[in-house]
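In the order they appear, the protein sequences are chains A and B.
For the first sequence, the working numbering gives the first residue as 26, with consecutive numbering after it.
For the second sequence, the working numbering gives the first residue as 9, with consecutive numbering after it.
Simulated from the structure, these hints should not be mistaken for laboratory data.
Using N, Cα and C, we set each Cβ at its ideal position, and we do this for glycine too.
Errors might be hidden in some of the hints.
[What the hints assert, rightly or not] Computed footprint of chain B on chain A; a stretch qualifies when at least three of its residues, placed anywhere within it, have a C-beta under 8 Å from a C-beta of chain B:
1) 60-71
2) 75-86
3) 108-118
4) 131-139
[To be verified] With a straight-line cut-off of 20 Å between C-alpha atoms, the simulated PhoX-like cross-links for lysine-lysine are:
5) A:Lys122 with A:Lys73
6) B:Lys42 with B:Lys152
7) A:Lys117 with B:Lys124
8) B:Lys81 with A:Lys117
9) A:Lys122 with B:Lys152
10) B:Lys42 with A:Lys50
11) B:Lys116 with A:Lys122
12) A:Lys117 with B:Lys42
13) A:Lys112 with B:Lys116
14) B:Lys152 with A:Lys50
15) B:Lys81 with B:Lys126
16) B:Lys126 with B:Lys116
17) A:Lys50 with B:Lys116
18) A:Lys50 with B:Lys81
19) B:Lys42 with A:Lys122
20) B:Lys124 with B:Lys48
21) A:Lys84 with A:Lys73
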Amino acid sequence: MKKTNIKKNKNIQTAVIKNKTNMNKYSLGFGLSLVVTNLLNAVILVVKEVSSSVMNVMKAALGHHWTTHGVFLLFVFVILGVVFSIKGAGAKWDSRKLMYYISGSVIISVVIITVFFLPYLIA
Amino acid sequence: MLNQGFMMSHVLFGVLGILCAVALFMDVLNAGEKNYQRIKILSLAVAVLIVISFLIGGYWYVTYYGAERDIIKAGAWPWAHNFFMEVKEHIFFAMLLLGIYLPIAVYKNTPLTNRKNKNLVLAICAMIILIGIFMEGAGGIISKGVTIGLRG
């Protein structure tokens, strides 16, 4: 009888652990921030290369468009990371889902950047 | 001379960062209690080395690269700047952010013996290594673009 109860308790504990997310809030928050920032990197690149007014603003802000681009991305990464961590965004996500999103965001941004400059290589 | 010194240290720290990412990848594959301390140190080393490489490379790019860009664009390999440098300087941000996130994933996402946690860190390491290898190759092409530009 006792043995059966212990087994039941173990099964319940295992089920609870399986249903819980296995991610720490900072790991998840900054991971989500990484996804957003990676995509933002490609978007900023396209916008500044297409719009000369945006490029001029970025040059004027910190002396060089690339410096402004980098500082802005780092700023967004930290702020979003803190906000997502505090708000508990994506609380039900696990490491596998985050891995797919991070990998996807890196692949998409790399493809956008490469394709954007590809005509220069072909020319 | 200072110009060359900055450039060489940018490459040096970048290569060391990639090598630490390779070592970390292997350690995480065999993650356990014995090597967890080393995994934590390596993840921090990758972040620090990539950030140092970014700061030195960024300073060099903003301060010295303008003259070399003009040489490349006037030479036979203008695409060394127009494609490789442009792509390199922007994809580097992805590597920088992955590098900064790596220790967070290692320190806060435990235990690494869990397959999902392990795969997340492995994927980040793999992306840093692949982007890093591209950085090194693109850097080589850009240097060659300057040499060819100087030949006229």
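Structure versus earlier hints, numbers of those that do not hold, lowest first: 2, 3, 5, 6, 8, 9, 10, 12, 14, 15, 18, 19
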